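Enquirer: One letter stands for each residue in the lines below.
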Amino acid sequence: MGGRESELVLLDENGIRCDGRKVDEPRRIMIKAGGLKNADGSAYIEFGDNKILVGVFGPRDVHPKHMSNTDTGILRVRYHMEPFSVTERKNPAPSRREIEISKVIKEALEPAVMLDKFPRTAVDVFIEVLQADGGTRCAALSAASVALADAGIPMRDLVAACAAGKVADTVVLDVNNEEDQAGQADMPIGYMPNLEKITLLQLDGVLTPEEYKKCVETGINGCKIVYDLQKKALHDKYFGNGGD
Amino acid sequence: MGGRESELVLLDENGIRCDGRKVDEPRRIMIKAGGLKNADGSAYIEFGDNKILVGVFGPRDVHPKHMSNTDTGILRVRYHMEPFSVTERKNPAPSRREIEISKVIKEALEPAVMLDKFPRTAVDVFIEVLQADGGTRCAALSAASVALADAGIPMRDLVAACAAGKVADTVVLDVNNEEDQAGQADMPIGYMPNLEKITLLQLDGVLTPEEYKKCVETGINGCKIVYDLQKKALHDKYFGNGGD
Amino acid sequence: MGGRESELVLLDENGIRCDGRKVDEPRRIMIKAGGLKNADGSAYIEFGDNKILVGVFGPRDVHPKHMSNTDTGILRVRYHMEPFSVTERKNPAPSRREIEISKVIKEALEPAVMLDKFPRTAVDVFIEVLQADGGTRCAALSAASVALADAGIPMRDLVAACAAGKVADTVVLDVNNEEDQAGQADMPIGYMPNLEKITLLQLDGVLTPEEYKKCVETGINGCKIVYDLQKKALHDKYFGNGGD
Amino acid sequence: MTSVGVLDELKKLQILELLEQGKRVDGRALDEPRELVVETNAIPKANGSARVRLGDSEVICGVKIQPDRPFPDMGDKGIFICTAELLPLSDPSVETGPPGPDVIELARVVDRGIRESHMIDLSQLVIEKDKSVVGVFADNVVVDYDGNLFDACAYAATAAILSSKTPKWELKNDVPTIVEGKESEVPVTTIPVSVTMGKIGRHIIVDPNADEWVCMDARITITTDSDGNICALQKGGSDGFSFDEVIKCGEISVKVGSKIREKLKQAKAGNQ
Amino acid sequence: MTSVGVLDELKKLQILELLEQGKRVDGRALDEPRELVVETNAIPKANGSARVRLGDSEVICGVKIQPDRPFPDMGDKGIFICTAELLPLSDPSVETGPPGPDVIELARVVDRGIRESHMIDLSQLVIEKDKSVVGVFADNVVVDYDGNLFDACAYAATAAILSSKTPKWELKNDVPTIVEGKESEVPVTTIPVSVTMGKIGRHIIVDPNADEWVCMDARITITTDSDGNICALQKGGSDGFSFDEVIKCGEISVKVGSKIREKLKQAKAGNQ
Amino acid sequence: MTSVGVLDELKKLQILELLEQGKRVDGRALDEPRELVVETNAIPKANGSARVRLGDSEVICGVKIQPDRPFPDMGDKGIFICTAELLPLSDPSVETGPPGPDVIELARVVDRGIRESHMIDLSQLVIEKDKSVVGVFADNVVVDYDGNLFDACAYAATAAILSSKTPKWELKNDVPTIVEGKESEVPVTTIPVSVTMGKIGRHIIVDPNADEWVCMDARITITTDSDGNICALQKGGSDGFSFDEVIKCGEISVKVGSKIREKLKQAKAGNQ
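Protein chains in written order, with the numbering used here: chain A, 1 to 244; chain B, 1 to 244; chain C, 1 to 244; chain D, 1 to 272; chain E, 1 to 272; chain F, 1 to 272.
Mixed in with the good hints there might be a few duds.
To be verified - Here are some of the chain E residues that sit facing chain C, going by a computed Cβ distance under 8 Å:
| no. | residue |
| --- | --- |
| 1 | P44 |
| 2 | I79 |
| 3 | I104 |
| 4 | E105 |
| 5 | R108 |
| 6 | E116 |
| 7 | T189 |
| 8 | C231 |
| 9 | A232 |
| 10 | Q234 |
| 11 | G236 |
| 12 | G237 |
| 13 | D239 |
| 14 | V246 |
| 15 | V254 |
| 16 | S258 |
Because the hints were derived from the structure by calculation, they are not lab data. If you're wondering where the values come from, they're calculated on a predicted model, not measured in any experiment. Note that the Cβ used here is the ideal one computed from N, Cα and C, for glycine as well.
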């Protein structure tokens, strides 16, 4: 959001963005359900140049016991970046940013997970960002939903996530890293398409009330694109697609 | 105690100090009992430019249980400085100095509190230094006594505190920040006037045996001044003073 | 192992090393059993300029309980360097190196200690390096064995330790600090002479397979020299030697 | 502050019942924040400060302004950092020690609300490009807790910044040195106001107090600037919002925010 | 991973019985490592990377290359640091938080194996003597656990280094600046290969899997270089080795190591 | 070391009974410290060191002297830092890990006793004003515990400083460089001696051992300098002192301190 000067043409006269996309076009997305051997469920996502691996364990016992809840299961989420995932090698200690994103993703998943079905236990979601390229939290949330489903955790809906934003005074879908650096606003959205509920919503950057509405609409459309790919990934794993 | 050169006249020919006080005169002191809503007891003190807030909780259960004592209650004290309370913004991690002062104040309060009246439980005293100006530990201890009384904790006496010191080869009451930087000795004293017991005593700086005795006497006189203000603060809260 | 250039003559034409020793000669070694009052067992070793103190407590209860093992006792080892033990004053926080050496020494002692004789309890070995001079882990391990015996812990054998290494293309016993800096390989060995078992073995530096074999042989010979001094130290304490 | 026990369940039922009748436990309208009291210069030795009560939630913010090295690649900008801490005397449930995720989120949301509004013109806080810049540190401490610390801290930080005076520095032999007599206000471009709304059942309420806070299904904090634009937002809590609710919350935040902004301006004016 | 329960005791009996017949649970010969699959450039934005499967143990190593200040008294050498971390998704028993002694030992043994072989010619990684050097940071993360992480991490780090490209820097006003178009391979002098052997009873087995790992009495990790020399060794575990066993393990490590080395060379070649 | 169990209660009764007759458990007079044994140069590679036994409490102090950057606004003074640590082998109750309040207080009181006496003339430890100064670090480690570590550590630190030799440095290209052959003693202006007294009932005893320590109602540590002035004091423990007791303790500290000071001088002389 730094509003830094840049020679980069963010949007050309034909409405084409710096990476060749149209305003309502997401980056290349590839989602795979499963993949890890020891985790109870897992997923891998490539979202633009983001590469994120998610493993799920549970429902399982909680230690120490007093952290558990007799009425409901609990969801625990850790969002973690590898030292080599970003341009400057990252310090391995968890940053405040990672702790906040872990919480935001947890609260975005909770409305989808039927926690009351497994009281006293915990479901752990471990998100590992192998390569980061802007929009990691949306990519991570989308993959985490698939990993939870892959683990057989009962869910009301999948949470699909995609960001909208404002670039060159225009509302666009799925802000990439360059656009985020030079751009005007970034609004990550997590959405349950069947239940029509927004479960993750953040905004950094200045929007008029009209742009604000447009951004939410645009983001929800992006979530629906992601949703289809999530369902396909689960279908491919469980009903096969004639290859891996 | 750095003994640094200074143009500051610490004591003029009329026995007047750099801030206009006489040698046996404390800085302006204002004590208020109560003020916080959630704390079981609280107090606020302004002592010169020191501004300190104290909240007390308890007697209450101790977690983990094995930290409690079946024979007696325990007193826990945390002395903590806000980042903005000192000239250079303070790092939020507790310093070794804060840990030591917490212990010294705890041991100064223990002789006054009837801990045997509430076995197995703890009384917590939280001291927050909002603005520091030399002599924070005495101001904090004085306010903590009032907050404990305000919380209804049974006490043998109030602990009143004031420092004495040596400035320009003269024993003076209540050394301020400038005098401490340029001065020769600082001796904080905590005292229970009714029981005639010194419960806090420290000294940094060089004193002859005679000056040592004079310092203790002077400090005790200061404590008596503070004691009257402590009693007034409690009286004002519980029996009203037609204002506040 | 830095392979740094040096004017130091590591080995002269008569096969004499930079500190006057022959290739198969260890540095001066002095071992004393006992010495500490509160520890259940203790030992002190001087090995060249290394000075190391070891104290042992146990078998004793384990807190928290779930760390104990109903089938066997557990051995816990802490290797720790004093701030003043090395050239540059050492930061007091435990380094990763100290944690690794603690583990390596623990696993070198475990084959010697009859842990099954005291289930549910722990034996604690505290190693304090007062002055370091290259080869601290071997000196520490040798002293720890004596301290365990001094504490009356039932043992199958003593572990004796000494390093071999390669200096000026020659296999030598007990590499000192200068030789380690300028040298080609260092191989610390811990050995139980009666049971003929190697319980500590590490290597840093390049050896041909023939040199590798020669190093192990040389190191074992050094361990046997240390072993005699260990037995003498225990004998001197328990059967006297007419002096201290 | 997040576990819901039996008593909380009963309280929630009562709160919900009232909400069905369009009422709140403390008699406020659904879109009505609690009374806001702002006292500036509570800490005279700091460069700026404010003591804020929002209902019975009370926060003190002190601003320290001091020279600092710029962040890499940001040599043409001063530094702004805003923190928040729950003092243990603010509530019996607060524990000492490193901050948990709740407090880390609180601090980061308060920081972003001010940062993303571009309230402080950081380009004016450069002593020498790439070498030395001015850092503005706004530290919030919570001294009494009664819910909605997001707004209480944001108002305290904003009021403290508005009340701040910054010295002027120049480099002498590479050491930043104060130029006497050149104190000035912190360069401010807009006044951000955060408005936090809770969702309980199908109801949206502004500025939830502690009882309401523990019963909320979800919450949303929206910061608007002086132009009525939306410049930061954070959804929290274990439920979601519909599209319509999100748009409605945006509208409420603009409306309520403009009233709060007047209060903050008055506090500054009263201070001068 | 070290406590041995009742089930583990039964498993150990079975493994021992098989070993008496010269067999292993997964059908391998005693001196046979598991299949090794190496994929380089798994993390294209890093300077080098590899994703390695050794049986069902899986490790990703990313290499970052960046300017750094030299260590004191080492102004004529670049910096090499290799780390290892068990991600919590790699095994249900892994806990988050600071690494324990097992993981610290793992990281240090993997680092020393590469360092002591002098694989990277650090004297070529100097930007300006005593002022600025190049740092090569190889960070391993374990994503699936099936025993013997010593070798899995060592192979991942070695393959990642072999695949790495380093920019060229020069000092401009004391600031290291990239010289465009001068990217080159990391200067490599030898290919170290670590071989880890477990001792169960009187049997020595190569590359123990997770079931074997938990039953081992002791282990030894030996790293050899391209010339067949032994350049690093670490004994672990709660038992000892005889002299003859130590010599035999040295021989196995040379033999098995040379086959693994060919695999790593192929992975690099396939990458070009 | 502060909890008082049933056995401690019995011990306290016995100690009190004896004190009523003017006697102590180990036969000492009330104002008599235990035997002090000082061995200097115990750690020859350090710049100075001492191994001190006070009764059965034993402490080793090593002094490291090295160049350092001065503290801000203290560019005309060297640095002195004194620490204290209880090694876990000193007593079965000592736990490893970060120091608790008891040990932090111990270290700070020992440090202040030496610092406030101005024992070391820090103005002589400047390499170049505002740029580089000499740091004197005196680290105490307790190897056997039998009460009264305040005095045992203070004596060890004082003896170690008296035995220290400091190199001479000068700046070459801004790097502090040792000038060969210019080693000298640390500039010492006075010899501080701390005397710790315990209060049990109405009795004041000097140098309490471990049994007495656990029974004390309160304690006071007073440091005096070579001129018989009082230069540092710390009261501790959960009871208070009367005015008369405080004055009496001051007198005892001067009297006992002068005898200890002779011991410390002898230790230094014996060392030369």
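Enquirer: It remains to establish, for every hint, whether it holds in the given structure.
Expert: Comparing the hints with the structure gives:
1. P44: Constraint on P44 of chain E not satisfied, violated at 31 Å.
2. I79: violated (13 Å)
3. I104: Holds, about 5 Å.
4. E105: holds (5 Å)
5. R108: holds (5 Å)
6. E116: holds (5 Å)
7. T189: Given a least distance of 11 Å, the restraint on T189 of chain E is violated.
8. C231: holds (5 Å)
9. A232: With a minimum Cβ separation of about 6 Å from chain C (threshold 8 Å), the hint on A232 of chain E holds.
10. Q234: holds (6 Å)
11. G236: With Cβ-Cβ at 6 Å, under 8 Å, it holds.
12. G237: holds (6 Å)
13. D239: Holds - the Cβ of D239 of chain E comes within 8 Å of chain C, reaching about 5 Å at its closest.
14. V246: Holds, about 6 Å.
15. V254: Holds. Min distance 7 Å.
16. S258: violated (13 Å)
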